[in-house]
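Enquirer: So the chains spell out like this:
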Amino acid sequence: MISLAGRDILKSWSKFVFTGVGLGLLIGVTFSMAGVYRGMVDDAKALLTNSGADLWVVQKDTQGPYAESSSIYDDVYRDLLGMPGVARAANITYLTMQVRQGQRDVRAMVVGILPDSPGEPGYLVAGRQITRSHYEAVADVATKFKLGEHIKIRRNEYTVVGLTRRMVSSGGDPMVFIPLRDAQEAQFLKDNDAIVGQRQRTAANPALNRPGVPGLLDAVIESQSHNPYVNAVLVQIKQGFNPEEVAAPIKRWKHLQVFTRAQMEEILVVKLVATSARQIGMFLVILTIVSTAIVAFIIYTMTMGKIREIAVLKLIGTRNRTIAAMIMQQAIALGIIGFVVGKIVATIWAPMFPKYVLLIPGDAARGFIVVVIICILASLLAIRAALKVDPAEAIGA
Amino acid sequence: MPVKGIHIEGLSKRYGSGDTAVDALKDVNMEVAAGEVVGLVGPSGSGKSTLLKALGAVIEPSAGRMTIGDTIIYDNGWKIKDLRALRRDSIGFVFQAPYLIPFLDVTDNIALLPMLAGQSNGESRQQALAMLQALDMAHRAKAMPAQLSGGEQQRVAIARALVNRPPVVLADEPTAPLDSERALAVIRILGQMAQQYETAVIVVTHDEKIIPTFKRIYHIRDGVTYEEAGEGRETG
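Sequence lines, in order, name chains A and B.
Those letters in the first sequence? Residues 85 to 481, per my numbering, in order.
Those letters in the second sequence? Residues 12 to 247, per my numbering, in order.
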């Protein structure tokens with residue numbers, strides 16, 4: 085038996101292909117949405133992996149430093165170095181802000197690190213790591229900063245000495261690494277007028293400016309002029325130690341919150357990305373419904389355009405299942421064209437997105453199955469209409 | 012009762028019931044022998060299309076009897092279970108417009124019928140090509156319907172109707188869209204094919220130019236048929 089669907093497609097292939105391309109663009113958007121979600125999850129995992137930490141020590145009763153703000157004293161790391169199983173510990177700060185370069189602003193996560201410590205970017209694609217204590221920066225290539233360029237964070241200028249890749253925040257903002265001291269200052273540094281205003285307020289406070297206690301005011305102002313806090317301490321544990329075992333005494337004796345890699349991944353992927361995932365999921369559902377409606381409409385319209393031929397086919401003895409198969413095969417063919425086009429366009433435009441879009445083969449395979457199911461469901465309406473056609477319609481009224 | 016051909020006796024068709032009932036066919040009696048072409052003539056609304064649909068087994072008559080060859084098709088109820096197979100194997104259709112399947116070429120339009128009957132693609136295409144040669148259309152075997160003239164399309168439609176060698180062919184105004192010359196040619200072909208394949212052909216028409224071509228003409232008026240001898244110029 086000849087393939088009626090195939091012949092029909094071949095006869096009007098251009099119309100069919102153009103329709104498939106239109107559907108493919110919609111499917112491409114669907115794949116991209118799934119890729120955006122995958123990219124967010126991957127960004128979160130990359131953030132954890134790139135930090136090089138086994139444990140995150142943060143302020144008690146917080147889920148910092150990525151999901152909530154966390155503030156701990158910057159000398160805590162010394163205590164941690166003395167805890168059993170701790171190999172290395174390093175302070176780190178995170179601050180999402182606008183970083184200026186020339187006339188443009190780049191939204192970035194500024195990370196304060198200590199050279200050669202946990203938290204430092206694991207690899208560079210150009211330049212070198214930070215070696216000086218101040219005013220050097222390593223930037224992710226997504227910032228589009230170049231080696232040797234000067235960038236401005238708050239009031240200070242930094243020279244880009246290295247470039248790294250895939251170092252992004254959980255929100256997808258590229259990271260800019262600067263020395264820890266600079267980052268601590270950047271977090272709390274006020275403008276000159278604000279500093280003058282703060283000093284006047286302190287001096288006007290009779291409790292802090294007692295006539296009989298010389299030096300008290302100066303000591304208070306000195307304590308206000310630097311920031312002794314960091315957001316977290318990244319801990320690397322010694323070989324052979326279980327992260328949970330190392331975390332337990334820190335929690336108990338240092339009264340801090342400690343997260344293992346698995347717990348931090350849960351916070352980032354399950355909690356932090358959850359709302360975005362639901363948002364994207366909603367989009368995917370809507371796009372699936374729209375795609376189904378479009379395929380159903382296209383197939384229904386194509387079938388209605390062949391009513392007389394279907395009546396003739398039925399009159400000359402064509403079985404209903406042959407006619408149903410013709411319509412379903414056309415719907416599936418349309419879906420396959422749409423899937424191929426969608427996959428290609430999603431692959432082409434994925435790198436153009438400002439945030440990371442990760443297209444994984446598993447999603448493509450699932451997408452293919454969904455597309456085929458959608459096409460089969462969408463063809464049912466047209467099949468129903470075709471099977472209702474009376475063969476008598478082929479004979480003149 | 013003829014051994015071959017179609018025999019209709021007291022066929023009626025009523026639409027609706029009670030006061031609103033309409034008798035589209037009241038008492039139709041026809042007999043068309045194998046190899047014969049008869050005309051079925053009547054004004055609009057006389058019941059021509061209803062009769063054709065009943066003969067084509069696409070609507071069920073209300074009463075009467077219908078046989079094709081020695082097979083009882085209808086006797087106050089369908090006697091054949093698979094009407095689709097009946098239409099496919101025993102009744103050929105030629106329509107006012109050719110209604111060829113636009114996405115199949117000429118050969119496959121004809122070969123589709125034997126394929127539906129279960130024959131292999133190769134055998135079906137060979138049969139189709141044989142039909143095309145008989146109709147002097149072999150040179151257009153690979154053409155698509157849209158590439159054919161109206162007369163050529165109608166010849167392909169005739170080939171499609173006859174390819175399964177059905178005992179009956181029903182032709183519904185087959186010459187309506189054609190000029191006189193082509194219309195007469197179509198009727199001539201139908202006559203030749205009817206004799207060659209021993210097929211009973213009923214041609215519904217009110218085309219004045221072809222009415223004289225029939226040897227026998229059935230007139231239908233208000234759902235009742237009566238027979239008249241014709242001139243039989245092309246088909247006799």
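These are computed hints drawn from the structure, not numbers from a lab.
All C-beta atoms in this analysis are idealised placements derived from N, C-alpha and C, irrespective of residue type, glycine included.
Keep in mind that a hint or two might mislead.
[As the list claims (entries may be wrong)] According to the in silico footprint, chain A covers these stretches of chain B (three or more CB under 8 Å from chain A):
1) 39-47
2) 67-80
3) 108-118
4) 191-199
5) 217-224
Enquirer: Work down the list of hints and note, for each, if the structure agrees.
Expert: Quick rundown of the hints versus the structure:
Counting residues of the segment 39-47 of chain B whose C-beta sits closer than 8 Å to any C-beta of chain A gives 0, which falls short of three, so the coverage hint is violated. Coverage of the segment 67-80 of chain B by chain A holds in this model, with 3 residues showing a Cβ closer than 8 Å to a Cβ of that chain against a need of three. Against chain A, the segment 108-118 of chain B contributes 5 residues with a C-beta closer than 8 Å to a partner C-beta. That satisfies the three-residue criterion, and the hint holds. Counting residues of the segment 191-199 of chain B whose CB falls under 8 Å from any CB of chain A gives 0; the rule of at least 3 is not met.
Counting residues of the segment 217-224 of chain B whose beta carbon lies closer than 8 Å to any beta carbon of chain A gives 0, which falls short of the minimum of three for the stated coverage.
The structure is inconsistent with the numbered hints 1, 4 and 5, although it conforms to all the rest.
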